[in-house]
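Asks: Chains as they are written, first to last, in my numbering: chain Z, 1 to 281; chain S, 1001 to 1227.
Accuracy of the hints is not assured; some may be wrong.
As the list claims (entries may be wrong) - DEER-style ranges, computed between Cβ atoms: (1) Z:L255 x S:L1113: 29 to 39 Å; (2) Z:T189 x S:L1135: 12 to 22 Å; (3) Z:A179 x S:G1016: 46 to 56 Å; (4) S:Y1013 x Z:A227: 57 to 67 Å; (5) Z:A223 x S:L1113: 35 to 45 Å; (6) Z:A223 x S:T1056: 52 to 62 Å; (7) S:E1138 x Z:F7: 24 to 34 Å; (8) S:H1196 x Z:Q186: 18 to 28 Å; (9) Z:R207 x S:T1056: 30 to 40 Å; (10) S:L1135 x Z:F14: 23 to 33 Å; (11) S:G1188 x Z:T189: 44 to 54 Å.
As the list claims (entries may be wrong) - With the C-beta cut set under 7 Å, the calculated list includes, among others, these residues of chain S facing chain Z: (12) L1053; (13) A1057; (14) L1070; (15) D1073; (16) A1076; (17) R1079; (18) R1080; (19) Q1090; (20) H1094; (21) L1103.
Calculated directly from the structure, the hints in this document are not laboratory data.
Bear in mind that the values here come from a model prediction, so they are computed numbers and not experimental data.
Even glycine gets a Cβ: it sits at the ideal position worked out from N, Cα and C.
Residues per chain are reported as follows:
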Amino acid sequence: MVPPTGFTAWLTLFSAGAMAFLAVFAMALSLATDRLADRWGEELARSSTLRISAPQGQIQAQTEAALRVLETTPGIASARALSDDEQRTLLEPWFGPDLPVERLPIPRLIEIIEDGDGFDAEGLRLRLAAEAPGAVLDDHTRWRRPLVKAASRLRLLGWLALVLIGGAMAAMITLAANAALAANAQVITVLRLVGAQDAYIAQAFVRRFTLRGLLGATVGTVAGCLATLTLPSTDIAGGFLTGLGFVGWHWLWPLLIPVMAAAVAFLSTRAAARRTLRSMS
Amino acid sequence: MAVIELENVAYSYGGGELLSDISLRLQPGSFHFLTGPSGAGKTTLLKLCYGALIPTAGHARLFDTDVRTLERDDVALMRRRIGVVHQDCQFLDHLSVADNIALPLAVSGRDTLNEVANLRELMGWVGLKSRADALPPELSGGERQRAALARAVIMSPDVILADEPTGNVDWDMSQRLMRLLIELNRMGKTIMIATHDLALIRAAKSHVQARVLRISNRRIQLAGADL
């Protein structure tokens, strides 16, 4: 019923495509930071280390004393001393596979697994100072807390960006729909003359803009996904920026973008059409 | 029951009263001419008769329902029972003539595919069968008016209101259009035609029993023997 209008058609297609393209990156950013936060969070929960540095004859006794302290410390799920083989494996990158760990004055390492909110590090240090003076608590993962927090914030920003992109797209499609409705005032008059109800007239515009939104967003999403494929893959150091992209089933997430874009186009055009038709009565 | 009834209707526009104290009843199957000089308010009166305008005073009733009580969508439903022919026809120029004529079917949700035979018959009746695929701008004035008439009657409305339907056509074509309208009246349709063409009215009165109403000085009156 409604004649095609080039200007609004292209405006809608372009804005939907551009916004979908940006949405892919915002989504990739959110998912990448999500993975980062999870990884750091898991490491945080997994690893604190106690190092027993004592004269050769006292290492075993202090290790046993430290384990007893750890067993009675709230917030610790488990603690165990690493075997010689495990320590050798840890040192292997620096000293090679044949390091005679048992004959060297290497500190004994105790792996601590936290539970819940973790343990009171300062309290534990004081107790260890009394029971195992050679024990040094190395809660090296705690520096990651602010990073995990930062990653969580970044993830939040990514989702916020998606919401803003959706809002901007709604605004642009609303403007395009308003322009189309104004340009087709005569069509609306004729349709009303022959007995068309508002819902019918609105539907004609809504259908068109929804399809344009869907088409534009599909193209933009495909382009965005292809662009993320061209990013360098995760390097050995696990660099953050090089990890931007989708992994595994996360590739399904971008499929939502055209659907969401169509929903945004549908809702914004319907609202614009109803408002305009009301004002034209 | 009158199909359309105006009771002491007035209509003001831009601070001035265009119509005043208009009372009119269109009985089913009646034929009316509405005449008067240009600017007298014929088009306004027709618009009051199909709910496009709301009276500023008095009551307008369409099929016994006061238009003031109608929502916009209710007025749209009423329009399906009132066919309107405009002087400028008001087509959608990007649709074919056939699609324009079938427009009331489409907007009412009826499957136009099931109505193809009716549509073809109707286009034959108005002499436009060969112009079905043409676009409205490609039609002559007479063809446009006939297409507008076909669109107005495709829903088989109870009432047909025509605003200067012969304004842009020659005498022969205006006679042909009048014959179509008279034929519709014989089928039981209520007809009201706004025109300033007194010769057309005189010619038609020899074929149909019609009331002639004249708008003069914002009021409506029955035209006298001068017609």
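Asks: A separate judgement is required for each hint: does it hold in the structure or not?
Replies: So, going through the hints one by one against the coordinates:
no.	hint	in the structure
1	Z:L255 x S:L1113: 29 to 39 Å	holds, 35 Å
2	Z:T189 x S:L1135: 12 to 22 Å	holds, 19 Å
3	Z:A179 x S:G1016: 46 to 56 Å	violated, 34 Å
4	S:Y1013 x Z:A227: 57 to 67 Å	holds, 59 Å
5	Z:A223 x S:L1113: 35 to 45 Å	holds, 40 Å
6	Z:A223 x S:T1056: 52 to 62 Å	holds, 57 Å
7	S:E1138 x Z:F7: 24 to 34 Å	holds, 26 Å
8	S:H1196 x Z:Q186: 18 to 28 Å	holds, 25 Å
9	Z:R207 x S:T1056: 30 to 40 Å	holds, 38 Å
10	S:L1135 x Z:F14: 23 to 33 Å	holds, 30 Å
11	S:G1188 x Z:T189: 44 to 54 Å	violated, 29 Å
12	L1053	violated, 11 Å
13	A1057	violated, 20 Å
14	L1070	violated, 11 Å
15	D1073	holds, 4 Å
16	A1076	holds, 4 Å
17	R1079	holds, 4 Å
18	R1080	holds, 4 Å
19	Q1090	holds, 5 Å
20	H1094	holds, 4 Å
21	L1103	holds, 5 Å
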